[in-house]
Every structure is written in C-alpha cells, then in structure tokens.
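Can you build the whole structure from these sequences, using the hints too?
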Amino acid sequence: EAGVVQSPRYKIIEKKQPVAFWCNPISGHNTLYWYRQNLGQGPELLIRYENEEAVDDSQLPKDRFSAERLKGVDSTLKIQPAELGDSAVYLCASTRGGLTGELFFGEGSRLTVL
Amino acid sequence: GQQLNQSPQSMFIQEGEDVSMNCTSSSIFNTWLWYKQDPGEGPVLLIALYKAGELTSNGRLTAQFGITRKDSFLNISASIPSDVGIYFCAGRFQGGKLIFGQGTELSVKP
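Residue numbers (our numbering), protein chains in the order written: chain A, 955 to 1068; chain B, 19 to 128.
No lab work stands behind these hints, which were simulated from the structure alone. We put the beta carbon where it would ideally sit given N, CA and C, even for glycine. Accuracy of the hints is not assured; some may be wrong.
Unchecked claim - Computed list of chain A residues with no C-beta within reach of chain B, every gap over 12 Å:
no.	residue
1	G957
2	Q971
3	A974
4	S981
5	T985
6	G994
7	S1012
8	K1016
9	D1017
10	R1018
11	D1028
12	P1035
13	V1067
Stated by the list, open to error - FRET-style restraints, in silico, Cβ to Cβ:
no.	chain 1	residue 1	chain 2	residue 2	range
14	B	K127	A	A956	34 to 40 Å
15	B	S95	A	E968	45 to 51 Å
16	A	T1066	B	Y68	34 to 40 Å
17	B	P57	A	V1009	44 to 50 Å
18	A	V1009	B	S95	38 to 44 Å
19	A	K969	B	E35	41 to 47 Å
20	B	S125	A	Q971	36 to 42 Å
Unchecked claim - Some chain B residues flagged as far from chain A (calculated, every beta-carbon gap over 10 Å):
no.	residue
21	E35
22	S100
23	Q120
Dropping the structure here:
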C-alpha cells in the first residue's frame, strides 16, 4: 500500500511569490490533515478535512493561505503571497477517520522563503 | 490553550542505556500517539494508545496512557544508534483534532 505522497519535497521562492503544495493520501483514508512544522517544533495543525469538507480550519491564516480537497481525495495547500515567516515544512497526513484512526504522514514539503 | 508539555527537550545517552520521556497536558485526550521523526522525513507512528491506563509495547518501546487521560510516557530499553531522532507525543481529542508536543531530541553515543 502506498503511503501519503507529497510534492514538491523542496521549494525555494522569494517573498510575495505564490506557492502550492500537493498531497495524495493513502487510498481509502477519508480524513486529511495539513500541518506546518517550524524548525525545532512539533507539527501544528492548519486544516483538517473529512472527505471534501473542511471541518477544522481555525488555525489556517486565511488572509494568505487556502486549501482545497475538491473530490475528497487529494488536496492542495496554497500560500499567496508568501512571507519570510512561512518558511517551514508543510506536512500532510491521512487517516481512515473515526475517533481512533491512526495518522500517517507524508515526507513533507520544505519551503524556504527568501 | 490546548498544548502538550513534553520533556525532556533533549537527551544524550550511551548506547545500551534505557530512555524515558513523557508528555502532560491540562486537556483530556481520547488517544495518545507517539511518533519518531528522522531528519528530512515525516513523523512515523511508533505506538498508539486508546484506553486510560493502557500499557503497550512495540519491541524495545513501551508506552502508557495515563489514568487521567492527560499524560503519557514512552520508554526505550537498551538504546541503539538508530534510535537517534526526535520523538513526538500527540494527543487526539474525541472530535478528531490531533495536537503535538514540542519533541524530545534523542542522541545515542556508540
């Protein structure tokens, strides 16, 4: 079974440029998460999807961040425009859902904003 | 706010020694998870705990879910060099939200 796939693995952009990250969850996993991980910190939740519905986006900076999961499978996270403080690793995770589903993470997309 | 306090922040041990780390919170969790993250990789699940007081082992790893559902510990016995990495605890609320501790960085000296 393939794991959570993310792309790109690395992205370097200048501030004020847009950037997008893509995630394909494990087949059959209804719940998808986007996390941001700053250097030396634990992952912090940005948004959680149950199928195509965003059920928790309270920590997503909506002025510049957006996400979508149109068909309830893969998902895209966008930042426009990027700021220096957005440099981080963006992690996608998925789970079958329910109250006890275990989360499986992708390798992450490392963003550097210059 | 909702947060996990993970300690210690870092550990430097000799190969063969046992390791213990823990997480505490003021919040009650439905599930506790322990992850390990290697440089440049995503976190990998080590152990999942579902019931208060549950004690679970996975090879040399042992973890327990606190009776109050507010804390958990992870023990690693007879550490080896490949145990090096960052260990994260994560607590999952009944509604599904998962939050992480700040991590414990483990260094093992051969």
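Subject >> Violated hints, by number in ascending order, as checked against the structure >> reply: The structure conflicts with hints 1, 5, 6, 7, 17, 23, although it agrees with all the remaining ones.
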